[in-house]
Amino acid sequence: MKLYSLTAALLLGALQSSAFAADANPKINSDVQLRAMLDEMARAKTLQLNNLDKPYFVQYTIGDGDEVFITAALGGILGSNRGRSRSPRVDVRVGGYQFDNTNSIFSSFARLGGIPLDDDYLAFRDALWLASDVAYKSATEQITRKRNALREIAEPDQTPDFAPAKPVVVLDDPPHFNIDQHKWEETLRRVSGRFAASPLVTQSFVRFRAISSTYRLVNTEGTVVRIPQELSDVAIRAEALAPDGSRVWDYQTAVGLRVQDLPAPQELETMAASVATELDNLVKAPIAEDYSGPVLFEQEAAAQMMASTLTDAIRLQRKPIAPPGSNNPGTTLESVWSTKMGSKVLPEWLSVIDDPSKEQFHGKVLVGAYKIDDEGVPAQRVVLVQNGVLKGFLSSREPVKTIDASNGHGRLPGAFGSEEAVASNLFVEASSTVKEKEMKAKLLERVKTAGLKYGILIRRLDFPSTAGASELQSMGRQMQKGGYSRSLNSPLLAYRVYLDGHEELVRGLRFKDFSAKDLRDISLASDQPFAFAYVSNGSSFNHTDSGSSATTISVIAPSLLFDSLDMAQADSEPGKLPAVSAPALLAQQ
Amino acid sequence: MKLRNSIAPFVPPLACLLAGCAFVSAKAANGTHADLVSIVTAELNREFTALKSKGDPPPYYMAYEVTEEATSVLGATIGALETDSQTHVRGFDTTIRVGIPAFDNYHPIKDSRAQFTHFTQISLDDDSNEINRALWAETDRAYRSASRHLLQIKTDEQLLADEKEKNADFSVAPAVQYFHLPEQYQFDRAAWAQRVRSWSAEFKSHNKILVSGVDFVARRDIRTFVNTEGSAIQMGSNLFRIEMRASALAPDGMELDDFDSIEAATPDHLPADSVVLERVKALARKVDALVSAPPAEPIYCPAILSGRASAVFFHEIFGHRVEGHRQKEESEGQTFTKMLGDKVLPDFISVDFDATRQSYRGSDLIGHYEYDDEGVKARPVKIVQDGVLKTFLLSRSPVGEFKESNGHGRRQPGFEVVSRQSNLIVESSKAVSNKELRAQLIAEIKKQKKPYGLYFEEVSSGYTTTGRRGLQAFTVVPLVVYRVFPDGRPDELIRGVDIVGTPLASFQKILATSDTAEIFNGYCGAESGSVPVSAVSPAILVSEIETQKKENSQEKPPLLPRPEGL
Numbered sequence: 068m069k070l071y072s073l074t075a076a077l078l079l080g081a082l083q084s085s086a087f088a089a090d091a092n093p094k095i096n097s098d099v100q101l102r103a104m105l106d107e108m109a110r111a112k113t114l115q116l117n118n119l120d121k122p123y124f125v126q127y128t129i130g131d132g133d134e135v136f137i138t139a140a141l142g143g144i145l146g147s148n149r150g151r152s153r154s155p156r157v158d159v160r161v162g163g164y165q166f167d168n169t170n171s172i173f174s175s176f177a178r179l180g181g182i183p184l185d186d187d188y189l190a191f192r193d194a195l196w197l198a199s200d201v202a203y204k205s206a207t208e209q210i211t212r213k214r215n216a217l218r219e220i221a222e223p224d225q226t227p228d229f230a231p232a233k234p235v236v237v238l239d240d241p242p243h244f245n246i247d248q249h250k251w252e253e254t255l256r257r258v259s260g261r262f263a264a265s266p267l268v269t270q271s272f273v274r275f276r277a278i279s280s281t282y283r284l285v286n287t288e289g290t291v292v293r294i295p296q297e298l299s300d301v302a303i304r305a306e307a308l309a310p311d312g313s314r315v316w317d318y319q320t321a322v323g324l325r326v327q328d329l330p331a332p333q334e335l336e337t338m339a340a341s342v343a344t345e346l347d348n349l350v351k352a353p354i355a356e357d358y359s360g361p362v363l364f365e366q367e368a369a370a371q372m373m374a375s376t377l378t379d380a381i382r383l384q385r386k387p388i389a390p391p392g393s394n395n396p397g398t399t400l401e402s403v404w405s406t407k408m409g410s411k412v413l414p415e416w417l418s419v420i421d422d423p424s425k426e427q428f429h430g431k432v433l434v435g436a437y438k439i440d441d442e443g444v445p446a447q448r449v450v451l452v453q454n455g456v457l458k459g460f461l462s463s464r465e466p467v468k469t470i471d472a473s474n475g476h477g478r479l480p481g482a483f484g485s486e487e488a489v490a491s492n493l494f495v496e497a498s499s500t501v502k503e504k505e506m507k508a509k510l511l512e513r514v515k516t517a518g519l520k521y522g523i524l525i526r527r528l529d530f531p532s533t534a535g536a537s538e539l540q541s542m543g544r545q546m547q548k549g550g551y552s553r554s555l556n557s558p559l560l561a562y563r564v565y566l567d568g569h570e571e572l573v574r575g576l577r578f579k580d581f582s583a584k585d586l587r588d589i590s591l592a593s594d595q596p597f598a599f600a601y602v603s604n605g606s607s608f609n610h611t612d613s614g615s616s617a618t619t620i621s622v623i624a625p626s627l628l629f630d631s632l633d634m635a636q637a638d639s640e641p642g643k644l645p646a647v648s649a650p651a652l653l654a655q656q
Numbered sequence: 013m014k015l016r017n018s019i020a021p022f023v024p025p026l027a028c029l030l031a032g033c034a035f036v037s038a039k040a041a042n043g044t045h046a047d048l049v050s051i052v053t054a055e056l057n058r059e060f061t062a063l064k065s066k067g068d069p070p071p072y073y074m075a076y077e078v079t080e081e082a083t084s085v086l087g088a089t090i091g092a093l094e095t096d097s098q099t100h101v102r103g104f105d106t107t108i109r110v111g112i113p114a115f116d117n118y119h120p121i122k123d124s125r126a127q128f129t130h131f132t133q134i135s136l137d138d139d140s141n142e143i144n145r146a147l148w149a150e151t152d153r154a155y156r157s158a159s160r161h162l163l164q165i166k167t168d169e170q171l172l173a174d175e176k177e178k179n180a181d182f183s184v185a186p187a188v189q190y191f192h193l194p195e196q197y198q199f200d201r202a203a204w205a206q207r208v209r210s211w212s213a214e215f216k217s218h219n220k221i222l223v224s225g226v227d228f229v230a231r232r233d234i235r236t237f238v239n240t241e242g243s244a245i246q247m248g249s250n251l252f253r254i255e256m257r258a259s260a261l262a263p264d265g266m267e268l269d270d271f272d273s274i275e276a277a278t279p280d281h282l283p284a285d286s287v288v289l290e291r292v293k294a295l296a297r298k299v300d301a302l303v304s305a306p307p308a309e310p311i312y313c314p315a316i317l318s319g320r321a322s323a324v325f326f327h328e329i330f331g332h333r334v335e336g337h338r339q340k341e342e343s344e345g346q347t348f349t350k351m352l353g354d355k356v357l358p359d360f361i362s363v364d365f366d367a368t369r370q371s372y373r374g375s376d377l378i379g380h381y382e383y384d385d386e387g388v389k390a391r392p393v394k395i396v397q398d399g400v401l402k403t404f405l406l407s408r409s410p411v412g413e414f415k416e417s418n419g420h421g422r423r424q425p426g427f428e429v430v431s432r433q434s435n436l437i438v439e440s441s442k443a444v445s446n447k448e449l450r451a452q453l454i455a456e457i458k459k460q461k462k463p464y465g466l467y468f469e470e471v472s473s474g475y476t477t478t479g480r481r482g483l484q485a486f487t488v489v490p491l492v493v494y495r496v497f498p499d500g501r502p503d504e505l506i507r508g509v510d511i512v513g514t515p516l517a518s519f520q521k522i523l524a525t526s527d528t529a530e531i532f533n534g535y536c537g538a539e540s541g542s543v544p545v546s547a548v549s550p551a552i553l554v555s556e557i558e559t560q561k562k563e564n565s566q567e568k569p570p571l572l573p574r575p576e577g578l
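Chains X and L supply the protein sequences, listed in that same order.
For the first sequence, the numbering used here begins at 68 and goes up steadily by one.
For the second sequence, the numbering used here begins at 13 and goes up steadily by one.
In isolation and in its complexed conformation, chain X is listed as follows (with noise of 0.2 Å):
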């Protein structure tokens, strides 16, 4: 048995007589990293500096991952690694909940190098006893430095910094990871060596990726969990050359949480040819025109027009505390629903409700699913929009405004040492619809009223977005001419509907002006929904190269109409076809 010192034993008995006995449950007994954690948090929460503010909340969190990434080109294997890794993360909070170091410019959460990759008690204690040093130390300057901004602040927000949450004990058994690399490489090769016969492709790939992590966390509140973490995906992208020397893109993606959840090879194949024909389709594709209105947003296209559109709109930001005069950054853009509680924000026919305890739809795996959120609060059902009017916000346990507690949402590291709050399964749910294959002719019947010669219809969004810095660039001059703020992803596959009901695909269409407060304009939703599983890093953009952490959501909407919405003419600059013309392809066997 451990021998504590003096000050570290009585604690612990504090400890154990608080919600749980540590020591008396077998299963955490019997887990190294939770052991060696517990008694190394119960020794950091004695941590203090002279009469420096103490800590009054510890938490220590390890994601205990097991990673597999492979990604292949026309056939060939670009790079194949499978690695472990382990990355912990230590939180310590002085003050108290009403005012701690967090939610000022100054604050951030110390992030530890490593930790070993093997269960080694005394080597766990050793990175966490030095860790919780430094995150102590640097606790206290950002307190201080927090309250000499305040001197200055005449009417500082009196929000609490922290939500005190109840303690859980949570312990899943960890996943199991069981995959054949080979197997996976061979598929990509099969898979990626499509786009061979499609001469038409100057850059293409697919990417394969699977993880399986195990998610431990405890706190001084009493909190310990141990959950299973898993993510999968398979995405395939291709680029080409427009006749105009215009780069066109095509992505689609497949997400799961383990990788049984993932189509077969022989699926894989048929997305690839897909990418391929619907690419071959847009460089032969006339250039769209600016456009005003009616919109049809098919499946697909319509969940991820939500997924975008609500990322921002259903939580709410906080400012950081900040000396006057200085910049003060802030992060994401403040919800355009912030002020809008218990007030009409959709039509009186639609809901929106979050639900991670719902984990299928329709016998599709929902990816957005899990039981504790990464700050050890059990997941809940939210309704966040009722009949048309807005009834909550997704929280994490950063108070914001009006919300006190967290609903289970903390998915995301944020920033300033807060949790981001993040959707996991997003019900768009209408209670009147209109038949699926009716929509068209929905959508034509406004198009006549209109006036008009013909209607957009959408199909797929780039989001997750896969767009190239030319594309990134070009959008954000014509935000800035356009002078809005909040647009929407463009779309990947748009197409003009004549009145006679043929369709015609477009490329280089983009949307103007587009928020959350545009949904009220909806007018028509269908009676099929679409489950729309994505990797999210937090952002209603949604690149996929930014951010350095991801987590699963799914977005389960119907096919949407909207009256009127305002559409442009991509301002992109095409540059000059290549000299020399692309290389012969050999065929694949």
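The set of hints was computed from the structure by calculation and includes no laboratory data.
All C-beta atoms, glycine included, are put in the ideal place defined by N, C-alpha and C.
Take these hints with a grain of salt, some might be off.
Here are the simulated lysine to any residue pairs, SDA-like style, with alpha carbons at most 25 Å apart [said to hold, decoys possible]:
1. L:Lys298 to L:Arg125
2. L:Lys220 to X:Asn96
3. L:Lys293 to X:Leu189
4. L:Lys64 to X:Leu116
Per the computed footprint, the stretches of chain X lying under chain L, defined by three or more beta-carbons under 8 Å from a beta-carbon of chain L, are [unchecked claim]:
5. 108 to 114
6. 134 to 142
7. 415 to 428
Quick list of the computed label-pair ranges, beta carbon to beta carbon [as the list claims (entries may be wrong)]:
8. L:Ser542 to X:Glu208: 28 to 36 Å
9. X:Ile220 to L:Arg125: 41 to 49 Å
10. X:Lys431 to L:Ser542: 46 to 54 Å
11. L:Lys415 to X:Glu208: 56 to 64 Å
12. X:Ile220 to L:Glu567: 25 to 33 Å
13. X:Ala517 to L:Lys166: 54 to 62 Å
14. X:Asn148 to L:Lys66: 37 to 45 Å
15. X:Glu208 to L:Pro307: 52 to 60 Å
16. L:Tyr312 to X:Glu208: 33 to 41 Å
17. L:Ser542 to X:Arg149: 20 to 28 Å
18. X:Asn117 to L:Lys447: 48 to 56 Å
19. X:Asp633 to L:Ser542: 48 to 56 Å
20. L:Gln520 to X:Arg149: 42 to 50 Å
Starting from the known structure of chain X, fit chain L onto it as the hints suggest.
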């Protein structure tokens, strides 16, 4: 420029006991990736032919360099594995020269050093579709960038006053064919994981050492180079490296660290486990001693730099200043540009750069290579003979009277080639035994009436500014330094010493050298990225060295005692 990492002291060529069990030579892989060479050559020729007829301006030279790197790392701290990674990457760099050799897109104008290449990852399978497409797309990008830049600098040049010296931008070099793949070794990962665990566990008994670790790195790289002059080269190397590191905080908050490393080009050159363990133990003891050592005071006094310390000294204050491109770029200080044929070092010192040298007295030199990154064969180059500057380190960028490369055009993948160091070897005709050198130091201390002199045993890295804007100064970071007293008292370890000074002056202060050379293997970072280099030098006695106090973090040691059991 920065040189980091250190030290491959004498590794005895033991009939290594562990080699048999840990390493199996997978195959005598002296063949080639013939497919890769032919794929890359075919696309190069296709692009060159097409661009020559359609490009405006057309290219006159093109090259591709494919680099494949497989790296395994196993690292442990206080007995527990903390790193277990394997990476395998293949990518390429593109060179396109447009214009004419006398003035092309690489011509240095004012402060601009153009970057055209962009390391682009390609298939690990020798798959022509993927590789060809990647070469094509990237060549298009690099060609656009090169031709745009040439037009720009042609205009810029007309706006500038005439350059004093007209140097051409590219020299001729013979076409070569060379194919030699490095041996492919497989090793028992579990056994190596166990080794690093047990070596790192040694630090457990050193309570003052806060962070420590032992890493084992095995890397195999293959470079495939083809150019439009008909050269085709495929070669590579293996590197096995054991790194040990430990750091601590002195009671006043000064950060103290030291490290040691062992490099070998083949697994049978690695020392026995017990030798590594001894080195770990010695490192731990040294850091412990540093924690209780007194802090240094600034002083101006005579000193001895050990062989390894002076190897870094020469690399920084001398080596970087004889790199060819520094003699022709306007922004450079050009310390030695006009000093060809002049005495730049004491007349008993000569300096060679010899990339062909694989080892020095049984220790592998990591600055070794057969051909440089422009496909030029490596050769020994005498830079300084009896103190007199003879030539510079040259890539295919001509410098003054030197119109041909001497095989020192190097880069890290993703960077443009410039002239870089290889294996620097300092030779002395005024060599005395270590004992005699020490006696001379004490005599010098007495002569100068100084309270003590200094002995620099280990240094970790150096930093030097060669630019005109910066101060022409250098700093190397000593890790282990002793005070040497004239009255026969034992040497005293001190902590927190930094060397400062101006380069030209310090060369003149070398009084004598020892007769035993030591080796410093490290990675040198500069304009063309990080490249492996070695420096070999005997210990040197200097009449004066200026030291300053090291910056102190003033960080408080951990508030709580170390967890029980350590």
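Hints, one by one, checked against the model:
1. Of the supplied pair hints, the one linking Lys298 of chain L and Arg125 of chain L is violated, its CA atoms being roughly 43 Å apart against a limit of 25 Å.
2. Under the criterion of a C-alpha separation no larger than 25 Å, the hint pairing Lys220 of chain L with Asn96 of chain X is inconsistent with the structure, at around 30 Å.
3. Simply put, Lys293 of chain L and Leu189 of chain X have alpha-carbon atoms about 20 Å apart, close enough for the 25 Å limit, and the pair holds.
4. With a C-alpha separation of about 71 Å, the suggested pairing of Lys64 of chain L with Leu116 of chain X is violated against the 25 Å cut-off.
5. With 4 residues carrying a beta carbon less than 8 Å from a beta carbon of chain L, the segment 108 to 114 of chain X meets the three-residue requirement, and the given coverage holds.
6. Here the segment 134 to 142 of chain X counts 4 residues with a CB under 8 Å from a CB of chain L, which clears the bar of 3, and the coverage holds.
7. Evaluation of the coverage hint for the segment 415 to 428 of chain X: breached, as 0 residues show C-beta separations to chain L shorter than 8 Å, against a requirement of three.
8. Here the CB-CB span from Ser542 of chain L to Glu208 of chain X is close to 34 Å, well matched to the stated 28 to 36 Å.
9. Taken as a hint, the range 41 to 49 Å holds for the pair Ile220 of chain X and Arg125 of chain L, whose Cβ atoms sit roughly 48 Å apart.
10. Distance hint for Lys431 of chain X and Ser542 of chain L: a CB-CB separation of about 48 Å, consistent with the stated range 46 to 54 Å.
11. At about 60 Å, the CB distance of Lys415 of chain L to Glu208 of chain X agrees with the hint of 56 to 64 Å.
12. The hinted window of 25 to 33 Å between Ile220 of chain X and Glu567 of chain L holds, with their beta carbons roughly 31 Å apart.
13. For the hinted restraint 54 to 62 Å between Ala517 of chain X and Lys166 of chain L, the CB-CB distance of approximately 56 Å keeps it satisfied.
14. A C-beta distance of roughly 40 Å is found between Asn148 of chain X and Lys66 of chain L, which places it inside the suggested range of 37 to 45 Å.
15. The supplied range of 52 to 60 Å is broken by Glu208 of chain X and Pro307 of chain L, whose beta-carbon atoms lie about 26 Å from each other.
16. A beta carbon spacing of about 38 Å between Tyr312 of chain L and Glu208 of chain X agrees with the range 33 to 41 Å that was offered as a hint.
17. At roughly 27 Å, the beta carbons of Ser542 of chain L and Arg149 of chain X sit within the given window of 20 to 28 Å.
18. Judged by the Cβ atoms, the range 48 to 56 Å given for Asn117 of chain X and Lys447 of chain L holds: they are separated by roughly 53 Å.
19. At about 51 Å, the beta-carbon gap between Asp633 of chain X and Ser542 of chain L stays in the expected band of 48 to 56 Å.
20. Between Gln520 of chain L and Arg149 of chain X the CB atoms are about 57 Å apart, so this pair departs from the stated range of 42 to 50 Å.
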